[in-house]
Amino acid sequence: MSKLRTVALLIVIPLALLYASLFVGRFLVSPLDVARILAAQIFPLNADWSKSAEIIVLQIRLPRALMAMCIGAGLSISGAAYQGMFRNPLVSTDILGVTAASGFGAAVALLLSRNAFELQLIAFAFGLAGVALTYRLARIYRTTPVLMLVLSGVVVAAFFSACLSGAKYVADPESKLPAITYWLLGSLNAASVKGLAMVLLPIVAGCVGLLLVRWKLNVLTMGDEEARSLGVETERLKGIIIVCTTLITAAAVSVSGMVGWVGLVIPHVGRMLVGPDHRLLLPATLSIGASYLLFIDDIARTASAGEIPLGILTALIGAPFFAYLLRKTRGTWH
Amino acid sequence: MALALPLIEIRAAGFRYGERQVFSGIDLDVFRGELLSILGPNGCGKSTLLRCIGGALTLHTGTVRLDQTDITALDTAARARRVGFLFQNHIPSFPFPVLDVVSMGRAPHLGLFGVPSSNDIALAERALDRVGVLHLKDRPYTEVSGGERQLVLLARTLAQQPDVILLDEPTSHLDLKNQVRSLKVIGELAAQGVTMIMTTHDPNHALQFPGRVVMMKPGGVIVAGLASEVITDAELGATYGIDIAVLKVPRPTGPGEIKFCSPW
Numbered sequence: 057m058s059k060l061r062t063v064a065l066l067i068v069i070p071l072a073l074l075y076a077s078l079f080v081g082r083f084l085v086s087p088l089d090v091a092r093i094l095a096a097q098i099f100p101l102n103a104d105w106s107k108s109a110e111i112i113v114l115q116i117r118l119p120r121a122l123m124a125m126c127i128g129a130g131l132s133i134s135g136a137a138y139q140g141m142f143r144n145p146l147v148s149t150d151i152l153g154v155t156a157a158s159g160f161g162a163a164v165a166l167l168l169s170r171n172a173f174e175l176q177l178i179a180f181a182f183g184l185a186g187v188a189l190t191y192r193l194a195r196i197y198r199t200t201p202v203l204m205l206v207l208s209g210v211v212v213a214a215f216f217s218a219c220l221s222g223a224k225y226v227a228d229p230e231s232k233l234p235a236i237t238y239w240l241l242g243s244l245n246a247a248s249v250k251g252l253a254m255v256l257l258p259i260v261a262g263c264v265g266l267l268l269v270r271w272k273l274n275v276l277t278m279g280d281e282e283a284r285s286l287g288v289e290t291e292r293l294k295g296i297i298i299v300c301t302t303l304i305t306a307a308a309v310s311v312s313g314m315v316g317w318v319g320l321v322i323p324h325v326g327r328m329l330v331g332p333d334h335r336l337l338l339p340a341t342l343s344i345g346a347s348y349l350l351f352i353d354d355i356a357r358t359a360s361a362g363e364i365p366l367g368i369l370t371a372l373i374g375a376p377f378f379a380y381l382l383r384k385t386r387g388t389w390h
Numbered sequence: 002m003a004l005a006l007p008l009i010e011i012r013a014a015g016f017r018y019g020e021r022q023v024f025s026g027i028d029l030d031v032f033r034g035e036l037l038s039i040l041g042p043n044g045c046g047k048s049t050l051l052r053c054i055g056g057a058l059t060l061h062t063g064t065v066r067l068d069q070t071d072i073t074a075l076d077t078a079a080r081a082r083r084v085g086f087l088f089q090n091h092i093p094s095f096p097f098p099v100l101d102v103v104s105m106g107r108a109p110h111l112g113l114f115g116v117p118s119s120n121d122i123a124l125a126e127r128a129l130d131r132v133g134v135l136h137l138k139d140r141p142y143t144e145v146s147g148g149e150r151q152l153v154l155l156a157r158t159l160a161q162q163p164d165v166i167l168l169d170e171p172t173s174h175l176d177l178k179n180q181v182r183s184l185k186v187i188g189e190l191a192a193q194g195v196t197m198i199m200t201t202h203d204p205n206h207a208l209q210f211p212g213r214v215v216m217m218k219p220g221g222v223i224v225a226g227l228a229s230e231v232i233t234d235a236e237l238g239a240t241y242g243i244d245i246a247v248l249k250v251p252r253p254t255g256p257g258e259i260k261f262c263s264p265w
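Protein sequence lines correspond, in order, to chains A and B. If you count by my numbering, then the first sequence holds residues 57 to 390, one letter each, in order. If you count by my numbering, then the second sequence holds residues 2 to 265, one letter each, in order.
Treat the hints as calculated values from the structure; they're not laboratory data. One thing to keep in mind: the hints can contain errors.
If the Cβ cut is set under 10 Å, some of the chain A residues that face chain B in the computed set are [to be verified]: (1) Gly-279; (2) Glu-281; (3) Leu-286; (4) Glu-289; (5) Leu-293; (6) Arg-335.
Cβ coordinates follow ideal geometry from the N, Cα and C atoms, glycine included.
Make the full structure from the sequences, and use the hints.
Dropping the structure here:
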């Protein structure tokens, strides 16, 4: 496939999916009406569609679709950045313990019966704190060797997982325990315009940060010592990458729960399409990740009468797909 | 012709890992355009000394000055603009095209958010051409042979346009043919006036070059001089602790003779 065609597809597919997501659903709104409702936001159109159609498109489906795209894009670019930084294809966004810590934060918020807004803040704060702890643990002699980061991440994730189990154990099995369990399975059904605004800032900031250092990330994959010999301040660069991915992942987990597999699988798809150069790979994962999670969320909300938890679907589709990739590439880098 | 001022001045250099003193009291000058070989058995501290010269490790005592500037006073990027480093063990990362890997040599000349320009790419191509592997530029660097990859990484240090290139055992895991090929390229670069310091555990490699040799004995004592003065039966015997002789045979074709050493 030519490079130009790949780029064109990477731009068109997420936009087409976004449009489709606005008319797919149990409440029927025709594609034409969707187009007119959207156009009416800019041009003065005669509103002959129902008020409920407009509310569903603009205040329910649009924020939810944009949220899915943001989270999918954010988790994917973070996964790609971490796989590069750790030089390891099996690394995902939760390697430094952010997911486990955020999950525990959310469980605490649910135990304390905080509202959705407070829950999001608490989960976000716990995610940041978890990674800060990992980073502190990994630091020796003013450096943070990659191996120390991975091992510290395992320690912190295990610690917060245990805390989460503790929180579940003490939770009221009639009300609180199901709430925690369902929250952790992941869903975007609470997405709102306000919620979107809150996650947008950290996710966009993180993505911009990663995109800015995308070429230096190529150099970093040569290993710390070589990268330093090429003039890269490796500690500063790793710090930037960790801060950006943590902002993104903590924000994503705080609204959507534990959505796994996206940050692991999508970077591989990106590498198959555009190669290993992070200058192309990072923007590509944004597009693929946004499309993927949007597609999955459309399935989650339309496939059955009730919502299917997002975390189940991403794993159910992600795991076999990753298995296929592994078999196809025999475990080597693409 | 450069003035007699040395490019690199090493004074009273000492380094230890924990309690173990690797070397101490090393004084050495390296001049512009010189190819200096540091010769010694495995574990004698050659690589450590090379890292200290490049500023990747900091001496416990003494100083390394590059062009009158203390090497430790330079920040990472400034150092990389002046010192190129070819490592002994490169663990291949992603299958980047060869040209992309070589253009990474431009990193110290670009800012934190920088990306190589067409001018940087042209410099990278020229560097590949100088080591004779320009034809590989679009191949994934993980798929070329070990010898070719070493040349690609050498080209990357050339693309840095440093004052000096430090080569840590550049041939240690190459087969004979690729050793000869790499050493030939290094010899050609030396003839073009590129300043290089190379460590090697094989006296035969040092014998191939006309430059000076520093022989490093366990404990970090050094003997410096021309190859013909330093690489002698007695010095080699003392350094490696074996019976070894420096031999000469006439070249099979053409004039001149081949010098090599062999244990007996």
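Hint check against the structure, violated hint numbers in rising order: none
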